[in-house]
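Engineer: First to last, the sequence lines map onto chains A and B.
Convert by adding 338 to the 1-based position in the first sequence; the result is the number in the working numbering.
Convert by adding 338 to the 1-based position in the second sequence; the result is the number in the working numbering.
Wrong hints could be hidden among the right ones.
Pairs count within a copy or across copies, as identical chains cannot be separated in the list.
[Unchecked claim] The list that follows gives simulated cross-link-like pairs (lysine to any residue, SDA-like), each with its CA atoms no further than 25 Å apart:
{"id": "1", "residue 1": "379", "residue 2": "562"}
{"id": "2", "residue 1": "373", "residue 2": "793"}
{"id": "3", "residue 1": "342", "residue 2": "385"}
{"id": "4", "residue 1": "649", "residue 2": "567"}
{"id": "5", "residue 1": "374", "residue 2": "793"}
{"id": "6", "residue 1": "373", "residue 2": "562"}
{"id": "7", "residue 1": "529", "residue 2": "615"}
{"id": "8", "residue 1": "547", "residue 2": "562"}
{"id": "9", "residue 1": "795", "residue 2": "366"}
{"id": "10", "residue 1": "489", "residue 2": "588"}
{"id": "11", "residue 1": "374", "residue 2": "790"}
{"id": "12", "residue 1": "373", "residue 2": "544"}
{"id": "13", "residue 1": "401", "residue 2": "535"}
{"id": "14", "residue 1": "420", "residue 2": "587"}
{"id": "15", "residue 1": "664", "residue 2": "393"}
{"id": "16", "residue 1": "547", "residue 2": "352"}
{"id": "17", "residue 1": "373", "residue 2": "567"}
{"id": "18", "residue 1": "427", "residue 2": "679"}
{"id": "19", "residue 1": "547", "residue 2": "572"}
{"id": "20", "residue 1": "374", "residue 2": "794"}
{"id": "21", "residue 1": "654", "residue 2": "544"}
{"id": "22", "residue 1": "379", "residue 2": "533"}
{"id": "23", "residue 1": "379", "residue 2": "551"}
{"id": "24", "residue 1": "516", "residue 2": "360"}
{"id": "25", "residue 1": "390", "residue 2": "712"}
{"id": "26", "residue 1": "392", "residue 2": "615"}
{"id": "27", "residue 1": "829", "residue 2": "778"}
{"id": "28", "residue 1": "795", "residue 2": "774"}
Keep in mind that the hints were calculated from the coordinates and are not lab data.
Spelled out from the first residue to the last, the chains are:
There are 2 protein chains.
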Amino acid sequence: MSEKLEQFQRYLNQMEQYRQIGEQMAWDMQTQTPKKGYGYKIDAITYFSGEKFKIATSEETGKMYEEMSAPEEYDALNDVMKLTVRRGKREYDRNKRIPADFYEEMVRASNISSKVWEEAKQKADYDLFCPHLQKMIDFRRRCMEYMEPDKDIYDTMLDMYEEGMDSATIDRLFSQMKEELVPLFQKIMEKPEPDNRCFAGDYDINSQKELEAYLLSYIGFDKEAGVMGESEHPFTMAFGPGDVRVTNHFSRHDAVDAMFSTIHEGGHAIFEQGINPDYVKTAAVDIGMGMHESQSRFYENILGRNINFWKPVYGKVGEILPQFQKIPLEVFFREINHVRPSFIRTAADELTYCFHIILRYEIEKAIFRDGVNAEELPALWNDKMEELLGIRPQNAAEGILQDMHWSDGSFGYFPTYLLGTIYDGMFLEAMEKDLGNVDTLLAEGRIAEITAWLHEKIHRHGSMRTAAETLREVCGQEVTAEPIIRYFKKKYAEIYGVDA
Amino acid sequence: MSEKLEQFQRYLNQMEQYRQIGEQMAWDMQTQTPKKGYGYKIDAITYFSGEKFKIATSEETGKMYEEMSAPEEYDALNDVMKLTVRRGKREYDRNKRIPADFYEEMVRASNISSKVWEEAKQKADYDLFCPHLQKMIDFRRRCMEYMEPDKDIYDTMLDMYEEGMDSATIDRLFSQMKEELVPLFQKIMEKPEPDNRCFAGDYDINSQKELEAYLLSYIGFDKEAGVMGESEHPFTMAFGPGDVRVTNHFSRHDAVDAMFSTIHEGGHAIFEQGINPDYVKTAAVDIGMGMHESQSRFYENILGRNINFWKPVYGKVGEILPQFQKIPLEVFFREINHVRPSFIRTAADELTYCFHIILRYEIEKAIFRDGVNAEELPALWNDKMEELLGIRPQNAAEGILQDMHWSDGSFGYFPTYLLGTIYDGMFLEAMEKDLGNVDTLLAEGRIAEITAWLHEKIHRHGSMRTAAETLREVCGQEVTAEPIIRYFKKKYAEIYGVDA
Numbered sequence: 339m340s341e342k343l344e345q346f347q348r349y350l351n352q353m354e355q356y357r358q359i360g361e362q363m364a365w366d367m368q369t370q371t372p373k374k375g376y377g378y379k380i381d382a383i384t385y386f387s388g389e390k391f392k393i394a395t396s397e398e399t400g401k402m403y404e405e406m407s408a409p410e411e412y413d414a415l416n417d418v419m420k421l422t423v424r425r426g427k428r429e430y431d432r433n434k435r436i437p438a439d440f441y442e443e444m445v446r447a448s449n450i451s452s453k454v455w456e457e458a459k460q461k462a463d464y465d466l467f468c469p470h471l472q473k474m475i476d477f478r479r480r481c482m483e484y485m486e487p488d489k490d491i492y493d494t495m496l497d498m499y500e501e502g503m504d505s506a507t508i509d510r511l512f513s514q515m516k517e518e519l520v521p522l523f524q525k526i527m528e529k530p531e532p533d534n535r536c537f538a539g540d541y542d543i544n545s546q547k548e549l550e551a552y553l554l555s556y557i558g559f560d561k562e563a564g565v566m567g568e569s570e571h572p573f574t575m576a577f578g579p580g581d582v583r584v585t586n587h588f589s590r591h592d593a594v595d596a597m598f599s600t601i602h603e604g605g606h607a608i609f610e611q612g613i614n615p616d617y618v619k620t621a622a623v624d625i626g627m628g629m630h631e632s633q634s635r636f637y638e639n640i641l642g643r644n645i646n647f648w649k650p651v652y653g654k655v656g657e658i659l660p661q662f663q664k665i666p667l668e669v670f671f672r673e674i675n676h677v678r679p680s681f682i683r684t685a686a687d688e689l690t691y692c693f694h695i696i697l698r699y700e701i702e703k704a705i706f707r708d709g710v711n712a713e714e715l716p717a718l719w720n721d722k723m724e725e726l727l728g729i730r731p732q733n734a735a736e737g738i739l740q741d742m743h744w745s746d747g748s749f750g751y752f753p754t755y756l757l758g759t760i761y762d763g764m765f766l767e768a769m770e771k772d773l774g775n776v777d778t779l780l781a782e783g784r785i786a787e788i789t790a791w792l793h794e795k796i797h798r799h800g801s802m803r804t805a806a807e808t809l810r811e812v813c814g815q816e817v818t819a820e821p822i823i824r825y826f827k828k829k830y831a832e833i834y835g836v837d838a
Numbered sequence: 339m340s341e342k343l344e345q346f347q348r349y350l351n352q353m354e355q356y357r358q359i360g361e362q363m364a365w366d367m368q369t370q371t372p373k374k375g376y377g378y379k380i381d382a383i384t385y386f387s388g389e390k391f392k393i394a395t396s397e398e399t400g401k402m403y404e405e406m407s408a409p410e411e412y413d414a415l416n417d418v419m420k421l422t423v424r425r426g427k428r429e430y431d432r433n434k435r436i437p438a439d440f441y442e443e444m445v446r447a448s449n450i451s452s453k454v455w456e457e458a459k460q461k462a463d464y465d466l467f468c469p470h471l472q473k474m475i476d477f478r479r480r481c482m483e484y485m486e487p488d489k490d491i492y493d494t495m496l497d498m499y500e501e502g503m504d505s506a507t508i509d510r511l512f513s514q515m516k517e518e519l520v521p522l523f524q525k526i527m528e529k530p531e532p533d534n535r536c537f538a539g540d541y542d543i544n545s546q547k548e549l550e551a552y553l554l555s556y557i558g559f560d561k562e563a564g565v566m567g568e569s570e571h572p573f574t575m576a577f578g579p580g581d582v583r584v585t586n587h588f589s590r591h592d593a594v595d596a597m598f599s600t601i602h603e604g605g606h607a608i609f610e611q612g613i614n615p616d617y618v619k620t621a622a623v624d625i626g627m628g629m630h631e632s633q634s635r636f637y638e639n640i641l642g643r644n645i646n647f648w649k650p651v652y653g654k655v656g657e658i659l660p661q662f663q664k665i666p667l668e669v670f671f672r673e674i675n676h677v678r679p680s681f682i683r684t685a686a687d688e689l690t691y692c693f694h695i696i697l698r699y700e701i702e703k704a705i706f707r708d709g710v711n712a713e714e715l716p717a718l719w720n721d722k723m724e725e726l727l728g729i730r731p732q733n734a735a736e737g738i739l740q741d742m743h744w745s746d747g748s749f750g751y752f753p754t755y756l757l758g759t760i761y762d763g764m765f766l767e768a769m770e771k772d773l774g775n776v777d778t779l780l781a782e783g784r785i786a787e788i789t790a791w792l793h794e795k796i797h798r799h800g801s802m803r804t805a806a807e808t809l810r811e812v813c814g815q816e817v818t819a820e821p822i823i824r825y826f827k828k829k830y831a832e833i834y835g836v837d838a
């Protein structure tokens, strides 16, 4: 090993240790730090993220990336290290182009904006938030200009969350979905709603946790390489393939919600647990959001909202939560596929969820392509809700204020949720070519074969391939929404008897 | 503020942040890290403790302590900062006298010794452990010689865990206890044993946790400034007065054990929560082990094993664990004060626990004063067990191998457990002078007044005073075993009808 490579690996190790403690403190903050203990964590996070930033942006680090990128070093590297040098250098260069005082100002503004958003949401008062949202729009626009002066601003944003993705591709995908799925949704709306009164009840929290543990194991989560926690919003966090943590939230009045959060986060976690452990401390573990979301949604929706998924385990659900003994599986199945218009994205069903994302994507494009400003957004939001879902929010809290993403400037993030769903349609068809009918596999309790296929085709590769490369390898084609549209049409034809 | 003081406070802040992440990772490792995730934590702990050590032992830090100790800086400091400079400088000087290669060798030997001890304990094979124990004895002896070349070795060890304590004092205290309490124990042994068959049962773990939460709140633990966790051995950890964490361990077959671990760790935690928050990032939060143990034992034994403690809460115990509804309070009281000889220190009752500590103290003295070597220790241990408790271990696992302390060289630690008990006798008498009869306070559910007294007299001061100074302030006298001996005699006269 060359001296320069050794030095680079020491640097990677150092960055990894800083990442470990950052994640560790974030995990603790979100799952168990008591109210009066936040200050200690914030002090430590601030101190060490400052130290990390100093190292990551030092001249010395820049020189190291220069040296590692020179042919005499670069050409001798294996593919994983090549990727790590390439991504690291790109990030270093991008960050170096941002003036330090501008960056500081943006971080400060973003912290303030997030705080104001919280208050504005509580008060359903968009006017309070509006000037801060405009600031975030302006800051992010300038930031992208610094980072990639020669590239379209919104494409740079998209690329940050899903490498190689651009709005030309998303336009094509989302417009086809809109065209096909809005009419499907309207047909469903003409059918009678399922009766869900039997789900009302008081569900013991400890039993819900027991069910979470059972379902996670069932779908393939390795308990020796993971932990379950509790937090306000469910999330997944990976220290490495050997320690992947999922959280959940529980309500005494709704056991179904936590069951699907379990399966969703379980999908994220199974991905992380399945990454080749040799990739630790390299860029090959930094998975794009779209591909990551494809796995959580594959488990949650493609598998979890299939009646066959439940056939081998529904008896166990009733054992752990006796209320379900009185609910026939068919009724449960109808309820977990209950399509209806709703204001809140995170509470939407599998079909209307797509519209919530398309709406946000169209608004982001309006901002960064057409120069629409913050003041115009609530009206735009409400019009689009009416166009897509046929309902109009009564206030901003159930409209434009509902998500935190924009408050800290995370534009370009939302589309990855729906990209994940689009990939899922493609993966499902590729999987059935290899393994045969998924309904049969699920009904026979052979979910381990599904997880093994996903491991082999997707998980173990980490981010060694871009999403486009993965789709080409696994599905033999470029990204397309047709499979997921076929899936939706077939599914709702069966459930609601709509002709597709 | 002088420039030098500012620099010193930056250093204290830096050290505090390293302490925070060290504690944070230790907490996670001991309460929830999954099996396959240990490696990440160990890597991070190793990396950052190395960095911290470099800073703490640098020439620059030494120079800073020199400057802060010079009259022109030192005299202008407040008492807390004076203490911090004094203790920090002493530690720096002590550590600087230890040759780096010797220190590394000792740390390595100590890690190996701890591992071998685990195996030896499992196999009940002292021969396996013996050479390692001898090494630890030799290493620690040399280490103390380096640290304090002009001081008695064993006194240096004692001082490390309880500042200012020495073996002349402990000799006086422990020999009096032995003289008075061994005959008391022998008298008790002539009395009939209480019948404890009614405690056999299957106790729900979640209910035991609910009881833990209830008891902690009852004794004054602030839930907004703390967390409850689970670990193999119960412990307390403080991030600061605003975040103090306790752990517990649970058995389905014994609910009493977890109840008393709760109260014990609760005592430690209430102490930490009560420290003046201005002392954070100073040496005034580093409390000596004896004084710390005095508080955990005050809650566990002086309060928790008093029948009056339970009068206001025993109904609630039966509500949470219905098995206790069939056990009269009087029977419960007899069982939690069930005196009997036993081999294992951590399972001993309040009275015989004293003998387990006296035995370890006498052996430590034999090693460091009389030069007894590791090969001779099992026989010495067994003889002393017979002398004090009238029983002889059948194997080393229930004898000399039972505790981990000596395996990593923690000699001088054990006596602090009994010092805590001795202080408790003194505190109880001082408290009753101020507040009146403790039985009455407990029976009337006025434990908050007891906690408030302990806060005022002890907790809030942190370690601004040595143990000796605290006893002088609070009890108006030097350390003495007489109050605790009076307490034991009175207690067992009432329970067992022995004449004391």
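Engineer: Does each hint hold? Answer for all of them.
Structural biologist: Hint-by-hint comparison with the structure:
Only between protomers do residue 379 and residue 562 lie at most 25 Å apart by alpha-carbon distance; the minimum there is 15 Å, versus 27 Å within a single protomer. In this assembly of identical chains, residue 373 and residue 793 lie within 25 Å of each other by CA distance solely across copies; the values are 21 Å between and 40 Å within a copy. Taking the shortest Cα distances, residue 342 and residue 385 sit within 25 Å of each other only across copies (21 Å), while inside one copy they are farther apart (29 Å). Taking identical chains as interchangeable, the C-alpha atoms of residue 649 and residue 567 are never at most 25 Å apart, the minima being 27 Å within one chain and 36 Å between chains.
For the homomeric pair residue 374 and residue 793, the shortest alpha-carbon distance between copies (18 Å) is at most 25 Å, but the shortest distance inside one copy (42 Å) is not. In this assembly of identical chains, the alpha carbons of residue 373 and residue 562 lie at most 25 Å apart only when taken from different copies (5 Å versus 30 Å within one copy). In this assembly of identical chains, residue 529 and residue 615 lie within 25 Å of each other by CA distance neither inside one copy nor across copies; the values are 50 Å within and 63 Å between. For a Cα distance limit of 25 Å, the shortest separation of residue 547 from residue 562 qualifies both inside one copy, at 17 Å, and across copies, at 24 Å.
Within a single copy, residue 795 and residue 366 get their C-alpha atoms no closer than 33 Å, and across copies no closer than 33 Å, so neither meets the 25 Å cut-off. Taking the shortest Cα distances, residue 489 and residue 588 never come within 25 Å of each other, neither inside one copy (44 Å) nor across copies (60 Å). Proximity of residue 374 and residue 790 under a CA criterion of 25 Å is satisfied inter-copy only: 20 Å between copies versus 44 Å inside one chain copy. In the homo-oligomer, the alpha carbons of residue 373 and residue 544 lie at most 25 Å apart both inside one protomer (23 Å) and across protomers (23 Å), since each shortest distance falls under that limit.
In this assembly of identical chains, the alpha carbons of residue 401 and residue 535 never lie at most 25 Å apart, being 65 Å within a copy and 74 Å across copies at closest. In this assembly of identical chains, the alpha carbons of residue 420 and residue 587 never lie at most 25 Å apart, being 40 Å within a copy and 48 Å across copies at closest. Proximity of residue 664 to residue 393 under the C-alpha cut-off of 25 Å is found in neither arrangement, the shortest distances being 60 Å within a copy and 65 Å between copies. In the homo-oligomer, the alpha carbons of residue 547 and residue 352 never lie at most 25 Å apart, since the shortest distance is 37 Å inside one protomer and 39 Å across protomers.
Within a single copy, residue 373 and residue 567 get their C-alpha atoms as close as 17 Å, and across copies as close as 16 Å, so both meet the 25 Å cut-off. When the C-alpha separation of residue 427 and residue 679 is checked against a cutoff of 25 Å, the pair qualifies neither within a copy, at 45 Å, nor between copies, at 68 Å. Taking identical chains as interchangeable, the C-alpha atoms of residue 547 and residue 572 lie at most 25 Å apart whether they share a chain (13 Å) or sit on different chains (24 Å). With identical chains, the CA atoms of residue 374 and residue 794 are at most 25 Å apart between copies only, with a shortest distance of 21 Å across copies and 46 Å within one.
Both within a single protomer and between protomers do residue 654 and residue 544 lie at most 25 Å apart by alpha-carbon distance, with minima of 15 Å and 21 Å respectively. For the identical chains of this complex, residue 379 and residue 533 are neighbours neither inside a copy (47 Å) nor across copies (50 Å), given an alpha-carbon limit of 25 Å. Taking the closest pair of Cα atoms, residue 379 and residue 551 come within 25 Å of each other only across two copies (24 Å); inside a single copy the shortest separation is 29 Å, beyond that limit. Taking CA atoms no more than 25 Å apart as the test, residue 516 paired with residue 360 passes in neither setting, with 40 Å inside one copy and 52 Å between copies.
Proximity of residue 390 and residue 712 under a CA criterion of 25 Å is satisfied in neither setting, with 34 Å inside one chain copy and 48 Å between copies. Taking identical chains as interchangeable, the C-alpha atoms of residue 392 and residue 615 are never at most 25 Å apart, the minima being 28 Å within one chain and 31 Å between chains. In this assembly of identical chains, the alpha carbons of residue 829 and residue 778 lie at most 25 Å apart only when taken from the same copy (16 Å versus 71 Å across copies). Taking CA atoms no more than 25 Å apart as the test, residue 795 paired with residue 774 passes inside one copy only; the shortest distance there is 16 Å, against 74 Å between copies.
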